[in-house]
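Trainee: Generate coordinates for the entire structure from the input sequences, incorporating the hints supplied.
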Amino acid sequence: MDEAATEEILKIMQQYTSLCGRLNMFTPRDAFITAMCKGSLPPHYTLTVLSCTFSKVSPPHMRGEGTSTPTLGPYLGGDETPRQQVVAVGTPLPTPSLGAHQGPVMLTAKNLQCMRAILGLAHSHGAVLGTAWHLVLTTLQHLVWILGLKPSTGGSLKAAPKNDSSVITTAAMADLPVLSTMLSRLFESSQYLDDDALHHLIDALCKLSSESMELAYNNREPSLFAVAKLLETGLVNLGRVEVLWRPVTQHLLEVCAHPHARMREWGAEALTYLVKAALNQGAHSEALQTLLLMPLVEMSSTHLDIRQKQLDCTLALLHSNGEALSFGWPQVLTIVGSISEAHGDSLIRSAFQCLQLIVADFLPVMPCLQLCVETAAKFGSQNQELNVSLTAIGLLWHMADYLYQNAENQNGDALWMCLFQRLGELCVDPRSAVRKSAGQTLFSTINAHGSVLQHETWQAVLWQVLFPLLDRVRTLSGSASTEKINDMGGNILIHHSRNTAQKQWAETQVLTLSGVARVFHVKRDLLQTLGDFPKAWMLLLEFIENSALSKNNEVSLSALKSFQEILQISKQNPEGALLGSSSDPQGEAALWTNAWRVWYNIGIESTRPPSDSIVEDARSTNNFALLYIPSQPFLTALVQIFPHLFQHIKDRFGSSDFHKFATVVQNAVAAPIHGEASPIILPNLAEVMLTHLQESVLNAMDALHKEALAGTENLQVMVPSIFGQLLSFACYACQAHGKPRPKHHVDWVALNFVPFGERAMEMAVSLYVQTAQWPIVIQASILHSIIKSLHMPLSMKYNCPSPSTWKLAVNSLLAVLRVGLPIAHTNAVHFKNMWPDLAVTLEEFLFSSSNPPPTQSLEEQQCDEMLDCKVVQLIKECLLPHSSHIPKEFVLRIVALLNKGSIHSATSSTPVDTESTRKLREEFAKACFETLLQFSFLGGIVLPEGSVVNRLAVTSLLHRFQEVICHYVEDEQLSGKCPLPRHRMAEISFVLKAVATLTASLKKVPPDNVEQSVWEQLIALYPHLVSCSTSTSAQVCRSLREALHEYSDLLAPPRSSLRCNGPANDQERERHA
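Take the UniProt record's numbering: the final residue in the sequence shown is number 1073, and no numbers are missing along the way.
These aren't lab readings, by the way, just hints derived from the structure by calculation.
Don't be surprised by glycine CBs; every beta carbon is placed ideally from N, CA and C.
No farther apart than 25 Å at their CA atoms in a straight line, the calculated lysine-lysine pairs in the BS3-like style are these:
| no. | residue 1 | residue 2 |
| --- | --- | --- |
| 1 | K993 | K926 |
| 2 | K900 | K993 |
| 3 | K807 | K788 |
| 4 | K876 | K926 |
| 5 | K535 | K650 |
| 6 | K1003 | K993 |
| 7 | K900 | K807 |
| 8 | K276 | K158 |
| 9 | K788 | K870 |
| 10 | K523 | K535 |
| 11 | K832 | K876 |
| 12 | K788 | K900 |
| 13 | K207 | K158 |
| 14 | K561 | K660 |
| 15 | K876 | K900 |
| 16 | K150 | K276 |
| 17 | K832 | K788 |
| 18 | K900 | K870 |
| 19 | K551 | K561 |
| 20 | K436 | K551 |
| 21 | K888 | K876 |
| 22 | K900 | K926 |
| 23 | K523 | K436 |
| 24 | K926 | K1003 |
| 25 | K523 | K561 |
| 26 | K561 | K650 |
| 27 | K706 | K660 |
| 28 | K788 | K876 |
Distance windows between CB atoms, simulated:
| no. | residue 1 | residue 2 | range |
| --- | --- | --- | --- |
| 29 | Q770 | D612 | 37 to 47 Å |
| 30 | I776 | A815 | 13 to 23 Å |
| 31 | E1011 | E1042 | 23 to 33 Å |
Mentor: Take a look at the structure:
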């Protein structure tokens, strides 16, 4: 049969098919269609495919029982006809109905002619095909497969560039573009179908696709014809998208979830292409925009390639339609935020790229900022890509800035709380870098933008964000691992201070507590208006106390710095009221009292020395890390807090509080320094100075000192206690800590306490000079306490660790005695116990058992002697003139002291010591002698009642003169021709001059005022003077001559019996002269 006849038959069949369809004669319609389909397929191919298809499509009641399917095979080139011209050879499409037909199949020209007829039928009469669409589409799918046509962009079919499975003749090859175009036009014409006919077409395509999916489960290569044509159908019917969107996209979503990669890929391609095309149609209502985006949302699956296509589509939508997505932002953010641990780095970065674009460009048009914040927080918490997490936190900061700048246009407080809560969650992320970045962002945001928050929101920030965060950080820090971390990934080196999880959590603890404290400091004026501020204040102090007592030095020091910060006075509130100026004083006082309690708890717990059992355990296990000793910076910071805190509690600061303070600072000063830290803390040997801790302790004492002088009665009562603590510190200059500490096998370094003790000594003296007249100071015997404290350095003298100590001590003694002795004379009852200690102190200083250093220069010796002379001067001016108010025993010891100092006999057991270079304290001896002379019966001086000083002074002098002269005579005889040492010659010369002076002075006193025993003692000295006349020293002879001249008057009868012979006596004296 020629081609023209076949064409006529096919046209008639098309007309019959259309007529049957219009008359709802489904069985004849399907029969004609089946015949045309069989004619288009290779011989033997159609029998299995279309018989199966027809039986499924045509129910029995439509076909009629016993009705056989008509066959037009002989007319259309079926198996009964002679073989036709073969134009194509290809492989059959795998299908359950194909049976065992696995070999290649051939298509003739007549098959292609029938195919064109089927295409024409479907194109022109698609509205009446109904369920027969499945027959048509199944046939076309097989033909397309055999011809090797593959889907391309948009759903159209094109010949594959290289197809080894198909052999196409040149004639057929020319027909392939035509057939492809006819196929495309067929589905383009679906836009003219009514809704029911369109649904029939879509149902047929979905059914055909489902069959392909079933085959693909067996890893066979699936046909993508149905998926491609679903896309093509959807694209041309976007004008009535509500009609087709749900069935088309629902099926494509099923395809996207298929395990076969090729099938899944084309399902995702079709779906994303449709979504982009639909949204490019223009403005849509909220419901429609949501409808169009929902399939894209539902694409999220376990298949990573589908997730990638979903994100690529989303990014493309943002670039092309971002401004128009007025109602679809929740869906877009849901897509972007659908990240999981199964997603790799690439997917995370792709999703985050979308979020970055959203935050950078679309915040002003976005109605769901809260969802955007939560999405950014998700990226911050994901653990696949650290850089993404850190950048996501930066996006949160960017959104905070946007919220702040557009506060009037937003329902801000709910957004702010969401932002703060998400950042708070990131502050406890397992990764230290994320925690650090989130913490810095959270606290910077609160401080920078907190002014826009309502009061209720501030309460929520405190109780729902900040304090829960502190609690979680504390809990997680306590349970963190102490195992060493060797690798952070990415060849990142870890500093030893961060090489365990516990150390990294310590950094977080520091950041969190300091951040909350900063908020309290910066926003204090605002927080004070909250009704529960006292509760928040107490809770913050509790966290500070807990952290300050941490064994981690970094955490504990930071807690104290936070303590310092929240106690600082703001410029707007110079009084430092925590509750503001309008609040009640009692509530204010309670807050400061609570701060004082926390300070004391931190101080007493952190500075308590380790118990003996802990020391023993550390020694036995050789693990001295058990011996926790607070660092010097920690103790310094602790003490530095006190002066400021004291300003707010001074009105209620009592003696018990002072003792608490004293215990803390004394323990703090006594804390040793570890050897590793000593080069940083301790100065060079040539540069002895106060450590920061010592200086802070003295500053705290100075604050108490000043307030006590100018303060109320409760502070003045503490003055004796302040003296006691200062004097205790003053003793450190000679003996640190007051008692030796047990030595352990730990590398601790002892501090140099000399400058500290000396400063404390100066402060005590200064305070006494200002308070000596106070009754409480007199009653507490403070002068006696000072003397006892100064006794140690004065008695040690040259054995003191530093020569400056005893020199300061003697000057201090002189200063306090000049102020205190006049008070002692008028308040003898309160000073009666002082005199013995004063006598011992003076004696042990003036006649110290310590020797000066051998390198001492002459100038230094003279300076030291001048200090001794100052002490004698004090005795002369402040003690002896008031002997009637001083105990007799004390006067006796002072006279003995002066007697001892007036003449220094040679102390060497060798009679001749020519090598000695030690200089006699001639000025000191002279001062002692002159003092004794002044307080003897000399010059008509009128002394107070009781002349015990006078009698003791003269008797002691004469006894001392005789002792020195006798020793000199004996030593000179033993020395022979060798001269005695220079200092011995100076000593005897001085004694002889003193004898002359004393004799002359006694003669000037009325005879009745001098006891007989004194004259007798003086005359008894004469033979010893004569014994000195054998001396070969011109200096000694000159002094001896002066003494003997004074004895001339004693060789005559007393003056009262020679009054008539006065001129003769005058002549005698002139002759002797």
